[in-house]
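Protein chains in written order, with the numbering used here: chain A, 3 to 281; chain B, 3 to 281; chain C, 3 to 281.
Hints may contain errors.
[What the hints assert, rightly or not] The list that follows gives simulated cross-link-like pairs (lysine-lysine, DSSO-like), each with its CA atoms no further than 30 Å apart:
id: 1; chain 1: C; residue 1: Lys258; chain 2: B; residue 2: Lys119
id: 2; chain 1: A; residue 1: Lys111; chain 2: B; residue 2: Lys221
id: 3; chain 1: B; residue 1: Lys82; chain 2: A; residue 2: Lys119
id: 4; chain 1: B; residue 1: Lys204; chain 2: B; residue 2: Lys166
id: 5; chain 1: B; residue 1: Lys82; chain 2: C; residue 2: Lys22
id: 6; chain 1: C; residue 1: Lys66; chain 2: A; residue 2: Lys221
id: 7; chain 1: A; residue 1: Lys166; chain 2: C; residue 2: Lys82
id: 8; chain 1: A; residue 1: Lys258; chain 2: C; residue 2: Lys66
id: 9; chain 1: A; residue 1: Lys22; chain 2: A; residue 2: Lys166
id: 10; chain 1: C; residue 1: Lys66; chain 2: C; residue 2: Lys98
id: 11; chain 1: A; residue 1: Lys258; chain 2: C; residue 2: Lys258
id: 12; chain 1: A; residue 1: Lys166; chain 2: C; residue 2: Lys22
id: 13; chain 1: C; residue 1: Lys221; chain 2: B; residue 2: Lys15
id: 14; chain 1: C; residue 1: Lys111; chain 2: A; residue 2: Lys204
id: 15; chain 1: A; residue 1: Lys221; chain 2: A; residue 2: Lys22
id: 16; chain 1: A; residue 1: Lys15; chain 2: B; residue 2: Lys15
Hints were generated in silico from the structure; no laboratory data involved.
Listed below, chain by chain, are the residues.
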Amino acid sequence: MFEAHLEQASTLKKMIEAVKGLVNHVNINCNEQGMSIQAIDTSHVALVYLKLRTEGFALYNCEKSISLGISMDHLSKILKSAANNDTVIIRAEDEKDSLHIIFQPQDEKRVSTFELKLLDIDIPQLVIPVTEFTANVTIASGEFQRICRDLNALGENVSLSANKEGMRFSVDGETASGSVLLQPTDNVSDEESGANTVVQIKTPVEQSFPLRYMLSFAKATPISDIVTFEMADDIPLAVTYPIEGQGFVKYFLAPKIDGGSDDEGDEDEGDDEGDSMED
Amino acid sequence: MFEAHLEQASTLKKMIEAVKGLVNHVNINCNEQGMSIQAIDTSHVALVYLKLRTEGFALYNCEKSISLGISMDHLSKILKSAANNDTVIIRAEDEKDSLHIIFQPQDEKRVSTFELKLLDIDIPQLVIPVTEFTANVTIASGEFQRICRDLNALGENVSLSANKEGMRFSVDGETASGSVLLQPTDNVSDEESGANTVVQIKTPVEQSFPLRYMLSFAKATPISDIVTFEMADDIPLAVTYPIEGQGFVKYFLAPKIDGGSDDEGDEDEGDDEGDSMED
Amino acid sequence: MFEAHLEQASTLKKMIEAVKGLVNHVNINCNEQGMSIQAIDTSHVALVYLKLRTEGFALYNCEKSISLGISMDHLSKILKSAANNDTVIIRAEDEKDSLHIIFQPQDEKRVSTFELKLLDIDIPQLVIPVTEFTANVTIASGEFQRICRDLNALGENVSLSANKEGMRFSVDGETASGSVLLQPTDNVSDEESGANTVVQIKTPVEQSFPLRYMLSFAKATPISDIVTFEMADDIPLAVTYPIEGQGFVKYFLAPKIDGGSDDEGDEDEGDDEGDSMED
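Take the sequences, apply the hints, and build the full model.
This is the structure we're talking about:
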């Protein structure tokens, strides 16, 4: 039997929203390290990799690895019933085809119990390549979300340019072009570290991406005050939202190259390598 | 001539919204006891019974009984013009086919005057049966509204089960089932009485209803902090929102029986009997 | 080269919203007095005249008169990227077909740069007739907006009646009629002058207008706490929202006459006359 208790339903809500924007049917993999999701969006351009370590749970009991096939839409509907501060209990009995989800508020006088049918989802285990990035930029996640929304009014593709000057997001549309430059802030400890732009550049990088994926990634904004962009020539961009001390949501997106886009063919076998991308 | 002054336009606004969700054309019956509305929804499954006693008015002058045929939609549009604290004056002259509605704010420098055409609505006077309920449960109205919204994501019908354990709302949907149990709170006087769940059970009852009617009833939530459910086997459920010291909005809904639903055929002639359901 | 710096992006945002509701393609005329827009809506019934004087700018450099053909929709999309307190820099180089727009926040670490393609818009210079109004009424702009919204639920045309009693807005709809009377407030200095109704009447006037134009005008509400109506028989209504110490947005609307409506044929050549309408 698998059982996990999460003290804040809001954590689970935010995580599901961060995945739901890209893909609906996923396997939630539970093992002794924690829960994780890896999934490719239907157009095979973007990959989402979510990890919540056992430290993130008030109770975590996983005797043997288990894979839970779940529709993010259905799970999201159930999670709407949870107040942000409710404790969530997730329970899957061996050989059963359903997941039990229980919400318990602090005052105990209200108990909500749900049973969600599990799906048999045939997704090959993905490979998250070990790569060396040459540019690493951390900005405020809210700033990123706002830039995506603003530039989305002008065109379909956004260019990300990371260099010593900072991080520039540019769109070249039919009727107007626009760009937003975030300059590096003083790297000294700021009380509002989320408001800082921190830039580490070995080699400057400039790549172009479909803006709609960036908008999907930005749905993870509630998860973290900051977001990190890792880039290098000819390899997918990695966009990471850390879940403080507990895990992360990470997106990979292939850059547009000569009018085409490379897809999941970039990734080889070997799941363990993915760990190298954890922070 | 009929004339009534209501000190808070918000009271009238909330009442109309509570009726409008179920039925558009109604007769507002005015007599020396106050104003009342009785109407059946178009699918003949639910009944709404609203009463505002003369105590609820700052001035109430009704020389002879009068029935005002009104479209809730049209009246609702006019009420949008009223601020919540405006005094509302309603005036109907004998033998005229229109209703005068006046909104007066406290500061007197703005006067809004409306004239609404009255309709000739042929609705048989309904009968509200005298029944003995075996289960009586009072819960927070906001809790009821939230449960309806949450469970509505899962399926079309909701089962209400009232017993000593409390009140359970359950939905059994295609992809997931869910239930919310509200356990009885200590019956001692609580400062926030609206947050209590009070259960009085002679015989436990479990009945199933279309969820969309529950959602309609829940539109009366602004009227009262609490809502009372009265149930007994084989008779319609009564759902009551008290208007403090002034009246109530009450809904009746036939339970689903073997895939069918009994309709207004349950009610016989005899309007006076309805009074027995007042609290 | 033309360059202008505006300290509050919100001022420009509000102005563009006030024009956008009536017309999309306009020429922004820049000369040594400031910036102005004059445009007729597509149905040729209403005219908008916007003026922002050089005093409204932190820096204003206009060597020679220039006319910038701009889509309000496109400009509005770009302005969404500006925070209300951002400084806006507008720059047009001679003989170039684009406008540079730059947003600078206070903290300087974020710079947004846009380039908007200019359009070649062939609009005859309009004439704003010198007229003598016989009724002048100033009311709270928020009150006007609310009245338009409320009455819009009842019918398509609104009658404006200005006399010593005050200003009355009336609608006579199919199912209901309604009117709102704003009575003159004491003309003495009130701390909240925006809440006053000030009425100056030589000859009482009553005219009827399509309500949807009033709703468009009311989109200028954020510009000013007050709005002034100037009326006289047989000439267009003028509705003015002052931009404090900096300019105004002014609308003209021909009254409905015997089922018809006079259009821009009322205006003759001669742009200079428009100045007579400035306050």
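- Task: Provide an ascending list of the numbers of those earlier hints which the structure does not satisfy.
- Result: Of the numbered hints, 3, 6, 8, 9, 11, 12 and 16 do not hold.
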